[in-house]
Amino acid sequence: MGLIALSFLISLCGIILIPLFPVKLKKITAVIVVLSSGAIHVFNAVKVLSGGIINFTLNAGFPFGDLPVRIDNLSAFFIIVITFTLSTGVIYGYHYMSQYDDEPEKQSLHWCSFLLLQSGMMGVCMMQNILAFLMSWEVMTVSAFILVIYDYETPNTIRAGLNYFVQSHIGVLLIITGFIWTASAAGSFDLAVIISAAKNNTIHLGTWPFMVLFIGFAFKAGLVPLHTWLPWAHPAAPSHVSGIMSGVIIKMGIYGIFRILPVYQGDMLQIGRLILLISAATALYGVMVAIIQHNLKRLLAYHSVENIGIIGMGIGLGAIGTGMGNNTVAFVGYCGALLHTLNHSLFKSLLFFTAGSVYRKAHTLNIEELGGLAKKMPYTAALFLIAALAITGLPPFNGFISEFLIYSSMYTGMTSGNLSFSMIFLCCIFALVMVGGLAFLCFTKAFGIVFLGSPRHHIPEDCGEVERWCLVPQFVILAMILLIGFFPLPFIKLVSKPALTLIPGIQNPAEILAPVNSTMLSISTGAILIAVICGAVYGVKILVTRKAIDRTSPTWGCAYTGASPKLQYTATSFIKSYTVIASPLLRIKTTASAIEGLFPEKGEFHIRTYDKLEEKLIDSNLNRVGNFMTLFAFLQNGLIQYYILYGVFFIIAVMGFTFRKSIISFIISFLALG
Amino acid sequence: MESIILIITASLFFTGIVIRVKSMASGRKGPGILQPLRDIARNMKKGGVYSETSGIIFKIAPSIYTGTLITASLCIPLGDRPGILSFQWDFVFFVYTLALGKFLMVIAALDTGSSFEGMGASREAFFSMLMEPAMFMVMGSFAILTGKTSFSGIFAALHGTGISNAVSYTMAALSAIIIMLVGMVENSRMPVDDPKTHLELTMIHEVMILDNSGFDLGLIMYSSCLKFAVFGAVAAGLFMKPGAGFFADAGIFFLVQLCYAVFTGFMESFMARFRMRNNPQFIYTITAATLLIFIGAVHASGIAGGKMPW
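Protein chains in written order, with the numbering used here: chain H, 1 to 674; chain S, 1 to 310.
There's no promise every hint is true.
[As the list claims (entries may be wrong)] Some chain H residues near chain S, calculated using beta-carbon distances under 8 angstroms:
hint, residue
1, R159
2, C427
3, I429
4, G448
5, G453
6, S522
7, Y538
8, T552
9, T572
[As the list claims (entries may be wrong)] Subject to a maximum C-alpha distance of 27 angstroms in a straight line, what follows is the list of computed DSSO-like cross-link-like pairs (lysine-lysine):
hint, chain 1, residue 1, chain 2, residue 2
10, H, K375, S, K59
11, H, K493, S, K148
12, S, K45, H, K547
Derived from the structure by calculation, the hints contain no laboratory data. No residue lacks a Cβ here, since even glycine has one placed at the ideal position from N, Cα and C.
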């Protein structure tokens with residue numbers, strides 16, 4: 001307990017001190033505070049994972065009363081994931097924000113919010129009192145909002161930020177409703193009490209409180225169709241914040257879903273099927289829309305939607321497995337979901353950091369204008385490439401491990417002899433394979449167009465590699481990606497602890513764990529073999545061609561000699577065959593002026609993409625609500641005396657409602673007297 | 001271990017046989033069966049010509065392409081003799097490892113900054129995306145049918161272990177055709193792509209490797225042979241009976257490879273290449289045919305309620 005208090009105290013000190021320091025020191029303080037406070041949290045989490053749940057009650061006085069603080073395996077796992085991403089993020093952010101060093105006030109707010117975000121997220125992981133949980137959740141949401149709108153003078157940024165703010169709060173509203181529902185049924189604000197009551201059927205909740213909570217958390221996680229804030233907020237935020245948002249903040253929605261899963265009292269098969277299908281749709285839709293994006297960060301944001309879908313598939317599989325009584329399906333599914341949570345936080349933050357480096361040096365994120373950056377920023381290119389391979393789920397990188405777990409859970413379920421579930425699993429396998437294939441298309445496009453070839457547009461002269469210290473956190477993430485990809489066993493062990501606690505009534509965990517471990521060992525061998533054999537082939541190449549002379553010449557243009565960078569394939573042309581097929585599901589608008597005549601004038605071609613679901617579900621309904629609300633526009637007339645009058649009316653109405661009985665009886669008695 | 005040796009042996013002759021069949025079908029004598037190997041060897045001795053635009057990715061991609069292909073082929077068993085890599089759901093690893101090599105080749109093509117190669121890369125990425133589900137569906141269906149989880153487990157349990165021969169051989173034959181077609185699409189052969197004409201605007205794979213030369217080109221050409229042999233080996237595995245002995249298995253192996261090569265040769269002699277826009281339909285027809293195998297597996301394994309009286 002002392003340690004936890006100390007870590008929060010460090011953050012508090014940081015928040016107080018940062019505004020007082022000059023700009024450089026602000027950032028250094030933030031780095032030190034995040035790292036030291038994070039170290040304490042990780043220390044606690046490791047202690048919990050090695051057996052020994054931290055559980056104590058804090059008397060916080062009015063209005064909370066006794067606050068149960070509990071770090072179980074699930075919390076500990078998320079604490080480790082969050083702290084890792086925040087630590088790399090803050091070091092990367094130190095350099096990223098140096099382009100804004102002339103704005104000390106804004107930076108104070110930024111870094112204070114950063115520390116607040118850390119405390120908020122840690123609070124969400126630890127607090128098991130519903131009120132305290134909601135408070136931490138709110139701290140997290142609001143501080144993330146402030147982080148996103150750093151560049152608030154730009155109208156797009158503030159709009160994106162507000163979009164995030166409003167949508168998050170619709171989610172918060174649902175979470176509050178759901179929690180109050182469960183709390184009033186159980187008669188306690190302690191989540192553990194509620195869960196044990198729900199498990200022992202001493203209270204009857206049914207499915208609805210869970211559904212309300214699930215939708216609330218789904219807003220944060222960004223499950224389709226509640227994902228629409230995500231692709232706006234990510235590109236608007238500074239890159240280290242985008243990385244953290246995509247890496248861990250949306251994962252808090254996943255944490256919430258994991259947390260409330262035991263509250264569900266209905267048929268696990270049904271809820272599992274629902275989660276699995278929604279998630280499969282999320283994954284497919286996310287990647288389908290990601291392909292047509294031309295802003296690099298927006299593209300990555302849609303990939304977050306995709307990966308949340310993959311994580312959700314794991315959760316759904318876990319629930320189905322629990323419902324079927326097939327512990328292997330459940331365990332491997334949950335393991336896959338948890339490991340993908342970790343993996344996604346690694347490669348997605350790395351992708352956003354590298355995208356941030358591209359933005360810093362090339363001053364644009366429009367894929368169509370970039371090109372040839374691999375020569376100017378070789379390390380950034382290599383980092384982006386590895387992260388792209390990992391997110392596509394290719395071996396020997398970490399994304400493959402978690403996707404493999406989800407595949408094997410689905411295949412195990414498929415062969416377990418239940419026809420209707422075999423069909424569902426077949427569809428979901430198909431979906432996951434398609435997701436992999438589409439991600440392949442998307443990241444060959446993203447990497448190939450941005451980093452390879454020649455620049456398609458003017459790129460600044462001083463565009464070069466970022467500072468060495470900026471690369472360090474990225475290489476740390478890279479090391480983790482390779483470590484998980486090549487040696488998955490310890491990480492399976494890490495996720496197996498929280499996964500096992502999620503499955504009720506497991507008798508012999510070793511029996512389920514053994515085949516997974518042996519498979520992982522083989523995959524590890526396979527990964528090493530890939531590296532060794534590829535290296536060997538390259539070695540043979542060097543050996544055989546050591547006497548041959550290599551030449552350089554211009555790219556073979558099929559006898560056309562007037563080649564210029566403008567002739568290169570662009571991102572739009574690269575995905576042309578895909579857009580032709582997928583066009584009914586997407587919203588792509590092109591405007592072009594044809595090139596005519598012997599001496600053509602300047603031709604034009606514009607392409608604009610939009611999220612079709614957002615247009616149909618969100619925008620049109622918002623317009624409807626907006627139109628309805630204009631009926632009341634007369635109330636807002638800008639005259640202060642009217643506003644005071646409204647206040648008076650409101651107070652009278654409230655008082656009248658409170659004392660309605662006595663007023664009515666007064667009137668009746670008055671009339672009777674009369 | 002046996003399987004990888006057989007696969008490499010088969011890969012040495014495969015393209016030669018295809019070319020021989022094509023020449024015979026068009027009434028020519030044709031080159032010797034080892035001619036493709038001589039071409040590859042000659043290419044490998046040469047120095048490369050590298051584009052000024054391209055960088056390190058372009059230089060390492062062909063090696064990784066071949067390396068991943070070799071690693072993937074280590075998963076393939078020979079009948080009930082497991083490959084060097086054999087574990088639960090190893091076919092997922094197999095397909096994804098192949099995809100890694102392809103990823104590198106696609107971005108290597110973009111590295112040259114040529115519009116031709118960009119076009120080839122775009123199509124290669126697009127078609128391999130469409131092609132991916134077929135393999136998963138076929139192997140998943142066999143997993144339902146046999147209750148086994150890996151290549152070697154499935155191949156060992158398919159025939160003579162409780163499933164009637166009529167069912168198992170019918171499904172094996174259908175799957176073998178599908179896997180061969182998958183192999184042909186993966187290799188960018190007819191009817192999806194024409195490997196003969198390098199400079200047409202309608203090509204996929206050949207235009208993607210336009211800038212590769214020397215050792216790299218030799219590697220890519222050899223990889224194409226190896227890829228045929230790998231998919232042929234998967235198809236062959238579907239016909240092997242457990243406990244039949246090495247020579248019987250090897251016999252089946254080479255017979256299936258020979259049929260595959262002859263089939264490819266005839267296909268390329270008598271069919272025209274599809275128009276590019278028809279290719280997705282063709283590929284999805286292959287994928288849809290895998291559903292037949294799934295339905296067969298569901299019925300034969302009895303999870304659809306009662307075993308069929310076959």
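Okay, the hints, checked on the actual structure:
1. R159: Hint violated; H:R159 Cβ to chain S Cβ min 34 angstroms, cut 8 angstroms.
2. C427: Status violated, d = 11 angstroms.
3. I429: Holds, because the Cβ-Cβ distance from H:I429 to chain S comes to roughly 6 angstroms (cut-off 8 angstroms).
4. G448: 3 angstroms, holds
5. G453: The hint holds - H:G453 has a Cβ within 8 angstroms of chain S, the shortest such distance being about 4 angstroms.
6. S522: 4 angstroms, holds
7. Y538: Since chain S brings a Cβ to about 4 angstroms from H:Y538, closer than 8 angstroms, the hint holds.
8. T552: This hint holds: H:T552 lies near chain S, its Cβ roughly 5 angstroms from the closest one there, short of 8 angstroms.
9. T572: 10 angstroms, violated
10. H:K375 - S:K59: 14 angstroms, holds
11. H:K493 - S:K148: 25 angstroms, holds
12. S:K45 - H:K547: At roughly 9 angstroms apart (the allowed maximum being 27 angstroms), H:K547 and S:K45 satisfy the hint.
When each numbered hint is compared with the structure, violations occur for hints 1, 2, 9.
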